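Asker: Sequence:
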Amino acid sequence: MCGISALLLADSSQAAVSELLESMGLLQHRGQDAAGIVTCGHKGRLFQCKGNGMVRDVFTPQRLMALTGNMGVAHVRYPTAGTPADSEAQPFYVNSPYGIVMGHNGNLTNDTELRHFLDYDAHRHINTDSDSELLLNIFANNLQKTGKFRINEQDIFSAIQGLFSECKGAYAATAMLAGFGIIGFRDPHGIRPLVFGRRKSMKGNGYDYMFASESVVLDALDFTDIEDVQPGEVIIVSKYAVTRRRLVVEENIAPCIFEYVYFARPDSTIDGIPVYNARLDMGVKLANKVRQVMGDKMDIDVVIPVPDTSRAAALQLSHELGLPYREGFNKNRYIGRTFIMPGQEMRRKNVRRKLNAMPTEFKDLNVLLVDDSIVRGTTSQEIIQMARDVGAKKVYFASAAPAIRFPNVYGIDMPSMKELVAAGSSDGDVAATIGADYVFFQDLEDLVDSCRKFNPRIKAFDTSVFDGKYVTGDVSKEYLDKLEARRSDNAKQKHVADGEVIGLHNYQ
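Going letter by letter, the sequence shown gives residues 215 to 722 in the numbering used here.
No lab work stands behind these hints: they were computed from the structure.
As the structure is a prediction and not an experimental result, all values here were calculated from the model.
Do not take every clue at face value.
Distance condition first, Cα-Cα at most 30 Å in a straight line; then the derived DSBU-like pairs of lysine-lysine [said to hold, decoys possible]:
1. Lys503 / Lys632
2. Lys257 / Lys359
3. Lys577 / Lys511
4. Lys499 / Lys673
5. Lys577 / Lys607
6. Lys632 / Lys691
Here are the simulated distance ranges between beta carbons [claimed, not checked]:
7. Thr574 / Lys696: 44 to 52 Å
8. Gln228 / Asn309: 19 to 27 Å
9. Asn309 / Lys696: 30 to 38 Å
10. Met416 / Asp657: 44 to 52 Å
11. Gly486 / Thr282: 31 to 39 Å
12. Asn341 / Lys696: 17 to 25 Å
13. Asn570 / Asp513: 21 to 29 Å
14. Asn546 / Asn309: 41 to 49 Å
15. Gly486 / Asp522: 20 to 28 Å
16. Glu698 / Glu659: 26 to 34 Å
17. Asn466 / Ala280: 41 to 49 Å
18. Asp513 / Asp481: 31 to 39 Å
Each residue gets a CB set at the ideal place from its N, CA and C atoms; glycine is no exception.
Could you build the full structure based on these sequences and the hints that come with them?
Answerer: Below, the structure written as structure tokens:
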């Protein structure tokens, strides 16, 4: 999971960097390992600043001043492919042809084949283990085939048409061609989100245009006419025109349902579905599940959310059950999201640094804790123990999502089945592992309905982490075994120990 944005200002004398920086702050929840901005200034000159860390850590005032130009691409990252090295911070850049910059959110499922093709056939050097660099170089190689001194929109459409047929998996991408403009495109299945909008230029001459992973970015920056980039669609924004074309119309459109469960901000709307409203309805469905299971043995005294993502579901659940809702955990907002932290031990330690239980809300009570999901079980286990430590009599646990039993291959860092607490386990086994008196999991049909009811045109979602059905149709057991070996916590720790790959230098 990553956050991407791209901006082109109508006024060439204005700098895009300040709003690109703001966009990354608004998308910081999507990635906290690395951040980067590349801008394009006079005569197509590119300026870059990127590195590991939070947005506030990577960008100093001096570095920001060096990022001149009225258009640019920005990215926040957490690694699902490759390593945590500085060199894999995005956006990526290739100088040939034409000077191309790209930011990518997602994961390619045929990266081995693409790497072989780029090496043996296209003779393009790949400097990192990141699949995002492969996506960029496939695009660059297709543009190279034109052999032109200057390209036009049709050449770009043709290059991305080829990319759609060559690259499998999930990808929402923003790109910039030096001196030409910005581009946004989304994989044919629409797995990862991307939105597009415009606003009147401050000087009143023309429009500014922006792409972002979530609508909240465009809302905050006063963009209007906000819409989703359609699956298989390409939108090209040059200095002179906006040109768009849907190059692939895929029958199996399946946005990632985990965006609504966990990733996206509640004030975002993705594919016409307001995230907050979807989470409220998840609470309604989850309340029905609790009522159905407990019946007349209901002995819950209070409903407490695990902050922050589960608040909407917990609030609605408490309302439906007629139970008091209380904030039992105080959150330290200066600790990152534990789900996207690398390493099981780091995640475990940071749970208690991040949350503090308030004894008055737990002592001598039977509590129902509500969370968005249970992934590795690390966070849930620590939180349940914290509740017991401050006096809770019974601790029930409700998940707004079904049990996660399968790896994700489309850009979520949960690929190793050995690290999933529910994989190969019953609900009772999960409850015993995390120390709960009982675990309530949302039914998959109810989760899908909570999202689809707000946009009936979406017939299906990517629910592969729950049911093991991969919409792209190219995920084999051999691929999953290879991915598990590459992405386990042990493998990630080895990557850290292996040292840095040389990257392009920042302006100091």
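Asker: State for each hint whether it applies.
Answerer: Against the structure, the hints come out as follows:
Restraint check for Lys503 and Lys632: satisfied, since their Cα atoms lie roughly 28 Å apart, inside the 30 Å limit. Straight-line distance between C-alpha atoms of Lys257 and Lys359 comes to about 24 Å, which keeps the hinted pair within the 30 Å bound. Between Lys577 and Lys511, the direct Cα distance comes to roughly 21 Å. Compliance with the 30 Å bound is thereby established for this hinted pair. For a cut-off of 30 Å, the pair hint linking Lys499 to Lys673 stands: about 19 Å separates their Cα positions.
Proposed proximity of Lys577 and Lys607 is supported: the alpha carbons are some 7 Å apart, at most 30 Å. Between Lys632 and Lys691, the direct Cα distance comes to roughly 15 Å. Compliance with the 30 Å bound is thereby established for this hinted pair. Our hint of 44 to 52 Å for Thr574 and Lys696 holds, since their Cβ atoms are close to 50 Å apart. Distance hint for Gln228 and Asn309: a CB-CB separation of about 26 Å, consistent with the stated range 19 to 27 Å.
Our hint of 30 to 38 Å for Asn309 and Lys696 holds, since their Cβ atoms are close to 32 Å apart. At about 50 Å, the beta-carbon gap between Met416 and Asp657 stays in the expected band of 44 to 52 Å. At roughly 37 Å, the beta-carbon separation of Gly486 and Thr282 lies within the given 31 to 39 Å, and the hint holds. The beta-carbon spacing between Asn341 and Lys696, approximately 22 Å, falls within the hinted interval of 17 to 25 Å.
Taken as a hint, the range 21 to 29 Å holds for the pair Asn570 and Asp513, whose Cβ atoms sit roughly 26 Å apart. For Asn546 and Asn309, the hinted distance range of 41 to 49 Å is satisfied, since their beta carbons lie about 43 Å from each other. At about 24 Å, the beta-carbon gap between Gly486 and Asp522 stays in the expected band of 20 to 28 Å. Range check, Glu698 to Glu659: Cβ separation about 28 Å, and the 26 to 34 Å hint holds.
One distance hint, 41 to 49 Å for the beta-carbon pair Asn466 and Ala280, holds here, with the actual separation near 45 Å. For the pair Asp513 and Asp481, the supplied restraint of 31 to 39 Å holds, since their beta-carbon distance comes to about 36 Å.
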